Amino acid sequence: MLWALVLLPLFGAALTWLVPDNRRRAWVLPVVSLVHLAITVALIAEAPAASPGGWILLDALGKLVLAGNSVLFTVCSLYAVGYLAYRLKRPNRVLCASLLVCLSAMSLVAISHHLGLLWIALEATTLTMAPLIYFNHNARSIEATWKYLLICSVGIAIALLGLFFLAYSTIVAKQEVSLLLPTLIANAAALHPGWRHAAFIFLLVGFGSKMGLAPLHTWKPDAYGEAPGLVGALLAGGLVNCALLALLRVYQIAVASTEGALFQEVLLVMGLISMAFAAVFMARQSDFKRMLAYSSVEHVGIITVALGLGKGALFAGLLHMINNSLTKGVLFLSCGNIHRAYNSKSTQFVRGAIRRTPWSGALFMAAFLAITGSPPFAPFVSEFLIVSSAFGQGNHVTGGLFLLFLALIFIGMASTVLPVVLGEVPKDLERTRYRDAFPTVFPPLILMGIVLVLGVWIPEPLRVLLHDAAALLGGEA
Amino acid sequence: MNSLADQLLVLCLLINFAVLGTSRLAFSVRSVAVQGVLLGVLPALVHPFSWHLAFIVVSIILVKGALIPTLIIRAIKKAEIEREFSPFIGYIPSLVLGALFTSLAFIFAAKLPLAPEHEGLLVVPAAAATLMSGFLVLMGRRKAISQVLGYLLMENGIFLFGLLLADAMPVMVEAGALLDLLVGIFVMGIVINHISREFSSIDTSRLSALREE
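Residue numbers (numbering that gives the first Met the number 0), protein chains in the order written: chain A, 0 to 476; chain B, 0 to 212.
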């Protein structure tokens, strides 16, 4: 049954390849993703036993990532139908097929319990994203694709070396060689310390560059800036969580070993550095899609800080992972609409979006408030829990810096978002075909609704799932 | 490990220098391909026979020795380029740095806490030196194709280290990693092709439209 999550999108991808018509092809996406979502819900309600050999298993962490990705992908695929209708001149066969292959690889990341298999799936997500970033086929998008491909490929190659080191540490420690997660966790303390240590560093650098932790984030602004809105949503909301899950697997091994505290300290510092980078580069950003990339750097930083704090912050960090991916979905999709309506993504030309595209403008504004941690939206809850956990642990420096960066980022982001949404519509504005319409507004509206609901009420099954997942990371269940 | 394997590893190290020192792209591609074939042969020399091993050996030789070079050579022909001119790091400095890295790799490997059966082998220094050379090529060259070659050298270095683990790596993981590499090179080849059409050159230093204002 778990394999259906991987095989169904592949089947869908083959189907999109066979549909000759540019308009009808897009409909395959929502059909496949709705079935995928249904299977996901069924599997989360009752997870099947591990596959023979233990390679494939859906644990609480996997469920969380799988659920988040499946919801986000479904919304993006509904949006894709409306979006691609505006872009019928551009062939979308490669886009539709790559999106579904990517869904397949993302699902495989969530269910694999063997680090080698996890690595392969993660590398596959990197590769399928390349044609998506390149959708617009212009000079800028090639540049973004090339940087993305090169940096992420090298990053993920370094992660492979880290995995080899981990496997080698079992050889030196004279254990049975294995990259199966449960075996590694059980034997973590007995692994050879030197090789284990090197492995953690390499894995952190490798997965960190895929996640976009500063200073390994340099591909992010380019890729997020040039990719179509729905691809940006998947990059910032889906792929980030996949890379994060890989890091969480390493985290599980690290906390089971003797150097969990050191690993957490490194994560804490990396997370704060990422937030600082975001705060600096977000100020006076004149391209609102690139600004979102820095917001993504900020939020992987926040999650990493939560991982570094450990204990009660783990629950909050995992909640933030979900909140971030849903809110990023709204941001990128509404941004995509505004971009279409103005044919520009520079704050020099894009002003007064609330008048030209009232729904998208309002959604962008609301999502901006949500992502910067304003109540009553969901990210406020998770960020508040992380801060209170930091102060609760007596870590005042982290808590203080965390609040400082949040404030700086709020100011920086507001200085870009407010003129875009509220300013005066430029008089000599280029005429474009895009106006807000149901197919492109409804999907982000659903996501915004979820973000609002999660802000005031976390359903019991989700709460249980988050607690189970935090317990897997060694948090207080 | 036997002396033939050691000789092949020395050959791998020499190939690094060949790639570092030449401006001719086709020659670099062939050198990396030969190194790939050596990587395929090595596991056969150091591990007892099994069907798993035979499958891996054949697929490594096929992918690294034939498929990937074909893809890259085709990209070179389409982009109509032969040589790498004026790299960021010149050929002589590259060679000197390569020599430095290689000697450092030997010193470094001697200090590593290896398993007793792996001590004194050439595998670890060869892996580290190849990895570093790949990194040097990746950072030091302008042309997109040279950067792909650097990435391949890096991957070869990582594969060399994997030699110590060949019993441990399940066949599916190795095959999957190889497939990912192949698809990666395929995608890179397509992107290179588009870069050359868009910019009439595959000089990556022209890819500079995207930056912070």
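Hints may be right or wrong, so weigh each one.
[As the list claims (entries may be wrong)] Only pairs whose alpha carbons sit at most 20 Å apart, straight line, appear in this in silico SDA-like list of lysine to any residue:
| no. | chain 1 | residue 1 | chain 2 | residue 2 |
| --- | --- | --- | --- | --- |
| 1 | A | 173 | B | 119 |
| 2 | B | 110 | A | 137 |
| 3 | B | 110 | A | 197 |
| 4 | A | 173 | B | 169 |
| 5 | B | 110 | A | 171 |
| 6 | B | 77 | B | 22 |
| 7 | B | 110 | A | 460 |
| 8 | A | 173 | B | 111 |
| 9 | B | 110 | A | 373 |
| 10 | B | 110 | A | 196 |
| 11 | A | 173 | B | 22 |
| 12 | A | 173 | B | 114 |
| 13 | A | 62 | A | 460 |
| 14 | B | 77 | A | 137 |
| 15 | B | 76 | B | 193 |
| 16 | A | 173 | B | 10 |
[Claimed, not checked] Ranges of calculated distance between the beta carbons of each label pair, as one might list FRET restraints:
| no. | chain 1 | residue 1 | chain 2 | residue 2 | range |
| --- | --- | --- | --- | --- | --- |
| 17 | B | 77 | A | 395 | 55 to 65 Å |
| 18 | A | 135 | B | 87 | 54 to 64 Å |
| 19 | B | 77 | A | 139 | 17 to 27 Å |
| 20 | A | 41 | B | 178 | 39 to 49 Å |
| 21 | B | 87 | A | 265 | 27 to 37 Å |
| 22 | A | 342 | B | 199 | 43 to 53 Å |
| 23 | A | 414 | B | 196 | 31 to 41 Å |
| 24 | A | 260 | B | 170 | 33 to 43 Å |
| 25 | B | 79 | A | 458 | 58 to 68 Å |
| 26 | A | 260 | B | 112 | 21 to 31 Å |
| 27 | B | 49 | A | 438 | 54 to 64 Å |
[To be verified] Over the 10 Å line for every Cβ pair with chain A, so calculated as not near, a few chain B residues:
| no. | residue |
| --- | --- |
| 28 | 49 |
| 29 | 153 |
| 30 | 208 |
Derived by calculation from the structure, the hints in this document are not laboratory data. Everything numeric in this text was worked out from a predicted model, so none of it was measured. Even glycine gets a Cβ: it sits at the ideal position worked out from N, Cα and C.
Here's how the hints hold up against the structure:
With a C-alpha separation of about 19 Å, the suggested pairing of residue 173/A with residue 119/B holds against the 20 Å cut-off. A distance of roughly 50 Å separates the Cα atoms of residue 110/B and residue 137/A; the hinted pair therefore is violated under the 20 Å criterion. For the suggested pair residue 110/B and residue 197/A, the alpha carbons sit about 14 Å apart, so the restraint of at most 20 Å is met. Taking the CA atoms of residue 173/A and residue 169/B, the gap is about 18 Å. The hint holds against a cut of 20 Å.
Straight-line distance between C-alpha atoms of residue 110/B and residue 171/A comes to about 14 Å, which keeps the hinted pair within the 20 Å bound. Restraint check for residue 77/B and residue 22/B: the C-alpha separation of about 18 Å stays at or below 20 Å, so the hint holds. Distance hint between residue 110/B and residue 460/A is unfulfilled; the C-alpha atoms sit about 52 Å from each other, more than 20 Å. A threshold of 20 Å between alpha carbons decides the hint, and for residue 173/A with residue 111/B the separation of about 16 Å falls inside it, so the pair holds.
Simply put, residue 110/B and residue 373/A have alpha-carbon atoms about 53 Å apart, too far for the 20 Å limit, and the pair is violated. The suggested pairing of residue 110/B with residue 196/A holds, with an alpha-carbon distance near 15 Å, which does not exceed 20 Å. Distance check on the hinted pair: residue 173/A and residue 22/B sit about 46 Å apart at the alpha-carbon level, beyond 20 Å; violated. Taken as a hint, the residue 173/A and residue 114/B pair is honoured in the structure, with Cα atoms around 8 Å apart against an allowance of 20 Å.
Between the alpha carbons of residue 62/A and residue 460/A the distance comes to roughly 12 Å, so the proposed pair stays at or under 20 Å and holds. Straight-line distance between C-alpha atoms of residue 77/B and residue 137/A comes to about 19 Å, which keeps the hinted pair within the 20 Å bound. This hinted pair checks out: residue 76/B and residue 193/B have alpha carbons roughly 13 Å apart, not beyond 20 Å. Note on residue 173/A and residue 10/B: the hinted pairing is violated, with a Cα-Cα distance of about 31 Å set against a maximum of 20 Å.
For residue 77/B paired with residue 395/A, a C-beta distance near 60 Å keeps the hint of 55 to 65 Å intact. Under the hint 54 to 64 Å, the C-beta atoms of residue 135/A and residue 87/B, about 29 Å apart, miss the expected range. Our hint of 17 to 27 Å for residue 77/B and residue 139/A holds, since their Cβ atoms are close to 22 Å apart. The supplied range of 39 to 49 Å is broken by residue 41/A and residue 178/B, whose beta-carbon atoms lie about 30 Å from each other.
Our hint of 27 to 37 Å for residue 87/B and residue 265/A holds, since their Cβ atoms are close to 31 Å apart. A beta carbon spacing of about 27 Å between residue 342/A and residue 199/B contradicts the range 43 to 53 Å that was offered as a hint. In this structure, residue 414/A and residue 196/B meet the distance hint of 31 to 41 Å, their C-beta atoms being roughly 39 Å apart. Checked against the hint of 33 to 43 Å, the pair residue 260/A and residue 170/B passes, with Cβ atoms roughly 37 Å apart.
Taken as a hint, the range 58 to 68 Å holds for the pair residue 79/B and residue 458/A, whose Cβ atoms sit roughly 60 Å apart. As the Cβ distance of residue 260/A to residue 112/B is approximately 22 Å, the hint placing it in 21 to 31 Å holds. Look at residue 49/B against residue 438/A: about 56 Å separates their beta carbons, and that is inside 54 to 64 Å. Distance check for residue 49/B against chain A: the nearest CB is about 15 Å away, which clears 10 Å, and the non-interface claim stands.
Non-interface status of residue 153/B relative to chain A is broken: a Cβ of that chain comes within 10 Å, the nearest being about 6 Å off. The beta carbon of residue 208/B sits about 5 Å from the closest Cβ of chain A, which is not more than 10 Å, so the claim that it is off the interface is violated.
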